[in-house]
Amino acid sequence: MNKELLKKSQSLLALFALCLVITLLSDKFMTTTNLWNVLRQISVNVCISVGMTLVVLMAGIDLSVGSVLAFSSAVCAGLLKSGLEFQSFDLFVGFTVLGGVLVALLVGLLMGLFNGFVITKFSIPPFVATLAMLTIARGATMLYTKGIPISNLGSSFEFIGSGWLLGIPLPVWISLIVVLVMVFVTKKTTFGRYIYAIGGNEKAAFLSGINVNRVKLWVYGLAGTMAAIGGVLVTSRLNSAQPNAGVSYELDSIAAVVIGGTSLSGGVGTVTGTVIGAAIIGVLNNGLVLLDVSPFWQQVVKGGVILLAVIIDRKSKGSK
Amino acid sequence: MKKIKFLLFIILAFGALSCGKKGDDEKPKVAVVISTLNNPWFVVLAEAAAENAQKLGYETKIFDSQNNPATESDNFENLISSGYDAILFNPTDADGSISNILKAKEAGVPVFCMDREVNSNDAATAQILSDNYSGCVEIGIEFVKALGGKGKYVEIIGLVGDNNTWARSGGFHSVVDKFPDLQMVAQQSGDFDRNKAMEVLETIMQANPDIEAVFCGNDAMALGAYQALQAAGKADRVKVFGFDGADEVVEKIDEGKIVATGMQHPLVMAEYAARYADEYFKGKRDFPQRVPVEVELVVKENAERFLKK
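Quick note, the sequences are listed as chains C and G, same order. Anchor point for the first sequence: position 177 equals 177 in full-length UniProt numbering, and the numbering is continuous, going up by one each time. Anchor point for the second sequence: position 242 equals 242 in full-length UniProt numbering, and the numbering is continuous, going up by one each time.
If you are wondering where the hints come from, they were derived from the structure by calculation, not from laboratory data. Careful: at least some of the hints might be erroneous.
To be verified - Label pairs and their calculated CB-CB ranges: (1) G:PHE179 <-> C:LEU307: 39 to 45 Å; (2) G:GLY170 <-> C:PHE89: 54 to 60 Å; (3) G:GLY161 <-> C:PRO125: 19 to 25 Å.
Think of the CB as a built atom: it goes at the ideal place given N, C-alpha and C, for glycine as much as any other residue.
I would like the entire structure built from these sequences, with the hints used as guidance.
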C-alpha cells in the first residue's frame, strides 16, 4: 500500500470508528433521514474547505472565507429582494434566481482575487492579508445589510437549499459537484500540479518556470468563489441572509483540512481527505447533539478530536 | 502642615483644571458603547440611543465592543481621553464590565447602562434594564398553558457564555420545572444563530420525533427552529416559543405559526438612557439605580398591535 493511500485510509478509519461509537450509543444515528441531515449540514463546510485545501496546499491560509460567505450571501439576498435601482437613469434592474446567484459567485471571486493580488503584489503573508479581508468583508456586510437580516427571498431560491433531486438533497449535489471538479483540477490538470509544486518548494517551482503569482492569484480567487457557493447554500436554506452568517467558519474549514491530512506547510494533502475531515466534524456535531451532550462539553470534545487527528498525522509522518 | 497645604493646592489646581476644560459652552459629547453590532437587535438599540442623544442636541458616536470586555476596556479608555462627557452603555459582561464603568466614574463620566445589567449597585449612575428573567417567566406561563401542563419539549439556549442566555433560561424554568409532566428531552445551544438552531433541532428531532414544543432563547433561533419543523412537516404540531420581539416572529405569531415571544423595548431603553444623560448635564444627580423596562408577552391575540406596517 502506498503512503498516500495509507494516510487517507487512516482518516477514513477514524470516520468509521466515530460512526460506530455513535451508533452504539444511539440507535437514531444510522437512519436515512439523519444521514441526509448530516450530509446536508456539512455541504457548506465541504464547499468552503475544498477551496481552503487548495490554499493550504500552497502553504497559504485564507481566514476571510466566513466573511466572504456573509458578504456574497447579503449581496445575493439584497439583489433578489430589491434589485438594483439607478435613480438618475430612472432604471430598475430586477434579478432572477440565476442572476442573483451568479453575482454572489462573482463577488466571492473578486474578493478572493483581491486577497491573491495583495498577497502576490505586495508579498504580504496570506495570514495577514486574509485577516484584513476577514474584517473588511464583515464590515461591508454590516454596511450593506445595516445589520438587519434580509429575508423572504422567494420559494424558487429557497429550493436550492432545501429541495431534493433524485432522492438526494440539492445542497449535497452541489457540494458533490464542487468536490468532483476540484478532485479533477488537483489530480489531472497542470494547474493542479503547479499548486502541489508551489506548496512543495516555491523557489524550485519558480525556477522551473511556473508563474507562481498567477497560480496563487487564481487559487485565492477559487477559495473566494467556493465561500460564495457556501454563502448561497446558507442563504437559501434559511431563505434569509444573516449579517452574522459564517462567523468562525474559517476555523471549521481549517479543521476539516487538517483532520483530512493536508499539511499546513503545503505540498501534501488531497481534496478527498478534506471531505472526510469535514464529515468527521459533521458527524461529531450531529452525534454530540443526538446524545444530548452538554454544550459546555461539546467544545472540549471537538477540540480534543482535532488535536488527536493532528497528533496521529504527525506520528505517521515521523515514522516514514 | 506645609505638605498638606501643598497637597491641597495640587488637588485644587487639578480640580480647577478639569473644571476649566468644560467651562465654555461647548456642547457635551455622548458616547454609545454597545456590546456588539453583529446582531440586529443591538444595532437598533445603539442607533436609537445615538439618535435620541442627537435630538437632545449632543454630539454622539457609537463604539462597538465586539462582545469582548477587553475591546470594551479599550473603547472606554479612548473615549475618556478624547473628552466624552457621558456614556450610554450596553455592557458585554455583568462582572467583567464593572471595572470599565469604574474607570469612567473616576474620570467623572457618568455611565447609563442599557438592556444588560452589571452586578454592582454603585458603579453605573443608573441602569435601564430589560427584564429578561421576568419576561421569560411570562413565556413559561404561556408555555405551560399552551401545552396543558404536560408533554416533551426541547430548549435551545443561546451562547453558553452569555448572561442573557441564563437569565432567560432561568426565568423559563422557574415556571416550567414546577410541572413534572413537562419533560425536557434535550437542552442544546444554538448560539443565538438561525442556521445553528435549525441544524440542532433537525438532529434533536431524529432522537426525539415526538416533541410537542420548542423554547428558544431568542427569535433568530425560533425562526430557525420553525424552519426545521416546517421541513420535517411538523410545523403545525410542534409549538415554537421565542424571545426578543423580532418583526418576522411577530408576523408568524399573527399568522398562528409561532406561539409567543417576549417583546423587548430597545427604543424605550435608548430613550430613557439619553434623557437621563441630558438630565445629568442639567445638574440632576439622584437617579434610581435600576429602572426595569417591562418585557411584553406577544401572543396571537395581541400580535396585531406589534406588527410593523
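Task: Supplied distance hint 19 to 25 Å, evaluated on CB atoms of G:GLY161 and C:PRO125 - done: 31 Å, violated
TODO: Could you see if the CB distance from G:PHE179 to C:LEU307 stays within 39 to 45 Å?
DONE: At roughly 43 Å between Cβ atoms, C:LEU307 and G:PHE179 fall inside 39 to 45 Å, so the hint holds.
Task: Beta-carbon spacing of G:GLY170 to C:PHE89 - inside the hinted bounds 54 to 60 Å or not - done: At 57 Å between Cβs, range holds.
The structure does not agree with numbered hint 3 stated previously, though it agrees with all others.
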